[in-house]
Amino acid sequence: MRVLLVEDDKRIAAFVAKGLRENSYALDVAFDGDEGLYQAEINEYDLIILDVNLPKKDGFKLCLELREAGKKTPILMLTARDAVDDRISGLDLGADDYLTKPFEFRELLARLRALSRRHSEIRSPRIVIADLKIDTVSQRVWRGGREIELTTKEYTLLEFLAVSRGKVVGRDEISTHVWDDNFDAFSNLIEVYIKRLRTKMDDGFPIQLIRTRRGAGYILDDV
Amino acid sequence: MFSSIRSKLTLWYTFVLGLVIITFSALIYFSFVSILISETDANLSEMANNFVVASNAEQGDEETQTLPSENISDALDSFRFRDYRFEVTTKDSKRVAATTEFELPTDLKTNSQPDSFGSYSINGELYRVYQRSFQVGGETFYLFAVHSLTDRLALESRLRNSVFAAVPVALLLAGLGGYILARRSFRPIRDMSVRASLITSQNLHERLPVVNEKDELGKLATVFNEVLDRLDKSFEQQRRFMADASHELRTPLAIVRGESEVALSKSTRLATEYQESLAIVHDESKRLTRIVDDLFTLARADAGNFTIYFSEVYFDEIAAECVRSVRTLAEKKKIQIVFSAEETPFRGDESLLRRLLLNLLDNAVKYNNHEGSITVEIKDRLVSIANTGPEIPIYQKDKIFERFFRADAARTRGGESSTSGAGLGLSISKWIAELHGTKLELTKSEHGKNTFCILLPR
Numbered sequence: 340m341r342v343l344l345v346e347d348d349k350r351i352a353a354f355v356a357k358g359l360r361e362n363s364y365a366l367d368v369a370f371d372g373d374e375g376l377y378q379a380e381i382n383e384y385d386l387i388i389l390d391v392n393l394p395k396k397d398g399f400k401l402c403l404e405l406r407e408a409g410k411k412t413p414i415l416m417l418t419a420r421d422a423v424d425d426r427i428s429g430l431d432l433g434a435d436d437y438l439t440k441p442f443e444f445r446e447l448l449a450r451l452r453a454l455s456r457r458h459s460e461i462r463s464p465r466i467v468i469a470d471l472k473i474d475t476v477s478q479r480v481w482r483g484g485r486e487i488e489l490t491t492k493e494y495t496l497l498e499f500l501a502v503s504r505g506k507v508v509g510r511d512e513i514s515t516h517v518w519d520d521n522f523d524a525f526s527n528l529i530e531v532y533i534k535r536l537r538t539k540m541d542d543g544f545p546i547q548l549i550r551t552r553r554g555a556g557y558i559l560d561d562v
Numbered sequence: 013m014f015s016s017i018r019s020k021l022t023l024w025y026t027f028v029l030g031l032v033i034i035t036f037s038a039l040i041y042f043s044f045v046s047i048l049i050s051e052t053d054a055n056l057s058e059m060a061n062n063f064v065v066a067s068n069a070e071q072g073d074e075e076t077q078t079l080p081s082e083n084i085s086d087a088l089d090s091f092r093f094r095d096y097r098f099e100v101t102t103k104d105s106k107r108v109a110a111t112t113e114f115e116l117p118t119d120l121k122t123n124s125q126p127d128s129f130g131s132y133s134i135n136g137e138l139y140r141v142y143q144r145s146f147q148v149g150g151e152t153f154y155l156f157a158v159h160s161l162t163d164r165l166a167l168e169s170r171l172r173n174s175v176f177a178a179v180p181v182a183l184l185l186a187g188l189g190g191y192i193l194a195r196r197s198f199r200p201i202r203d204m205s206v207r208a209s210l211i212t213s214q215n216l217h218e219r220l221p222v223v224n225e226k227d228e229l230g231k232l233a234t235v236f237n238e239v240l241d242r243l244d245k246s247f248e249q250q251r252r253f254m255a256d257a258s259h260e261l262r263t264p265l266a267i268v269r270g271e272s273e274v275a276l277s278k279s280t281r282l283a284t285e286y287q288e289s290l291a292i293v294h295d296e297s298k299r300l301t302r303i304v305d306d307l308f309t310l311a312r313a314d315a316g317n318f319t320i321y322f323s324e325v326y327f328d329e330i331a332a333e334c335v336r337s338v339r340t341l342a343e344k345k346k347i348q349i350v351f352s353a354e355e356t357p358f359r360g361d362e363s364l365l366r367r368l369l370l371n372l373l374d375n376a377v378k379y380n381n382h383e384g385s386i387t388v389e390i391k392d393r394l395v396s397i398a399n400t401g402p403e404i405p406i407y408q409k410d411k412i413f414e415r416f417f418r419a420d421a422a423r424t425r426g427g428e429s430s431t432s433g434a435g436l437g438l439s440i441s442k443w444i445a446e447l448h449g450t451k452l453e454l455t456k457s458e459h460g461k462n463t464f465c466i467l468l469p470r
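First to last, the sequence lines map onto chains U and C. Counting in our numbering, the first sequence runs from 340 upward without gaps. Counting in our numbering, the second sequence runs from 13 upward without gaps.
Derived by calculation from the structure, the hints in this document are not laboratory data. Beta carbons are placed, not taken as given, at the ideal position from N, Cα and C, and that holds for glycine. Do not take every clue at face value.
Claimed, not checked - Residues from chain C that face chain U, not an exhaustive set, calculated with beta carbons under 8 Å:
1. Glu271
2. Ser277
3. Ile292
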């Protein structure tokens with residue numbers, strides 16, 4: 340999951356970034372409205388978290404501009420303003436959810452999960468493909484009833500492949516949704532992670548779930 | 013029920029009207045009685061005179077030697093009137109002749125005072141008696157003319173009765189009329205009070221209807237509406253202040269809560285990570301304390317119960333101390349502070365003045381550029397603090413003194429949130445300056461130079 344966080348308070352940005360990265364999100368941070376708009380235009384995000392009080396361009400305006408530009412990315416507004424009118428105008432300008440500061444971090448995570456589910460075909464928090472089970476809440480993975488230990492990055496990659504089940508996903512797509520801005524397009528990081536995932540969850544099983552489509556990318560499916 | 017103005021007014025009105033009616037009735041009654049008496053008396057004396065004339069005529073007619081007493085008797089026989097009776101006595105109270113069927117009291121006859129009127133009760137009836145002396149044939153006689161007052165008393169009692177009956181009826185009618193009138197004129201007030209009682213802090217924007225703004229009630233409603241306007245405004249201000257305050261408190265709270273929650277979400281971390289998180293939480297709780305302190309100061313300033321201790325101080329000394337205490341902060345940003353001051357005695361509250369200067373200096377450091385400079389000068393009682401920070405746009409020159417105001421440029425520096433307050437510093441400083449009879453102003457703002465000035469009164 341690739342997330343854009345637009346927040347001017349550096350300390351809030353810092354802990355949100357830290358917490359989200361630890362929960363296998365790839366995260367970019369913008370500190371003002373203009374930067375946020377620029378980032379959202381050049382990158383394909385799965386989720387955008389917007390603060391309302393932003394320098395240069397406030398969150399409401401940014402949200403409206405993103406929607407007007409045709410972006411369908413789920414947007415969660417994060418703000419210290421809690422007037423009902425604010426919440427209403429936020430939602431009416433195209434935001435999908437609203438969370439007031441101070442907030443419980445677990446709630447932010449839950450809302451992000453709910454938002455991403457709402458925008459994908461998979462509505463259940465549990466993804467089941469053949470004998471592979473993924474619990475997106477606790478971020479644990481089982482294959483054939485046995486739990487598989489994964490690092491956060493491995494998990495993010497697996498979840499992305501599982502969510503795009505039956506679809507070939509290219510390197511670009513993977514790097515966009517699984518890695519953040521710092522991804523080096525010339526590295527073979529994706530191949531390395533795919534190999535690790537295969538070793539952990541496909542080796543020794545009769546069905547190979549992750550397959551390579553030469554020149555196109557990867558696909559995760561049970562057929 | 014007598015507590016309402018309406019009833020009180022009616023009671024007073026009835027009372028005063030009653031007094032007037034009673035006085036008036038009594039006046040009429042007594043003048044009527046006195047007219048009746050003087051009429052009776054006039055009749056009596058006229059009758060008596062006529063009788064005396066008749067007696068003397070009788071004496072003159074008879075050239076004979078009949079006794080005057082016989083002549084008087086004759087005259088009396090021919091002199092008969094209903095209701096008027098006469099008795100004539102000699103000088104020594106011996107009856108000569110009488111048309112009275114009763115004896116006049118002897119004490120009246122013996123203590124006779126000529127030419128006088130008097131009322132006497134004889135045989136249970138009241139009589140008016142006129143007595144005079146007269147001479148017939150050289151002899152002196154006393155004449156008592158008597159008139160029964162029974163008719164007059166009956167007339168008087170009829171008048172009395174009608175007055176006694178009429179006064180309460182008149183008062184009752186007047187009272188009723190007064191009550192209705194009072195109720196009619198007080199109805200708008202009652203309506204107003206009903207409307208006013210429905211206005212609470214939730215619907216302060218509602219107003220009383222003004223029917224006619226020129227009459228007293230219209231003026232009252234207008235005044236009341238003006239009070240509501242002011243109340244509404246101050247409530248609105250308070251509401252905005254509360255909203256702003258909660259907004260300012262939310263950010264540090266969010267950091268404290270989020271930072272600690274994220275730190276605790278993993279069972280083990282490096283000690284340095286915990287240290288970083290704790291340092292942030294500590295910083296933010298300090299910031300919270302500052303905001304709460306500032307809010308408390310302003311709340312007390314608003315309520316007007318801030319205790320101020322005025323004393324003779326040297327403003328330059330306080331300024332020197334404040335400059336010393338911000339030097340460390342300034343050095344971190346490599347900011348130079350140039351300080352020059354002449355001796356400036358001043359009467360003021362030392363701790364508040366220190367707070368004012370520290371706020372200004374703090375801002376001068378906070379909003380200054382890296383390696384900028386600050387110039388503090390006290391000359392001819394003019395205190396100026398200049399910094400080399402970015403220009404404050406003209407439309408924000410007054411706004412910066414408003415509560416919770418922070419320029420965009422300031423907010424982008426949110427990273428150093430431990431030093432940034434809630435945007436209350438300047439409004440507190442402005443309040444302190446006003447408390448000392450002066451004004452804090454931003455006199456100059458251009459690129460690379462912002463100057464705040466205070467002119468100290470002598």
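Hints, one by one, checked against the model:
| no. | hint | in the structure |
| --- | --- | --- |
| 1 | Glu271 | 4 Å, holds |
| 2 | Ser277 | 7 Å, holds |
| 3 | Ile292 | 6 Å, holds |
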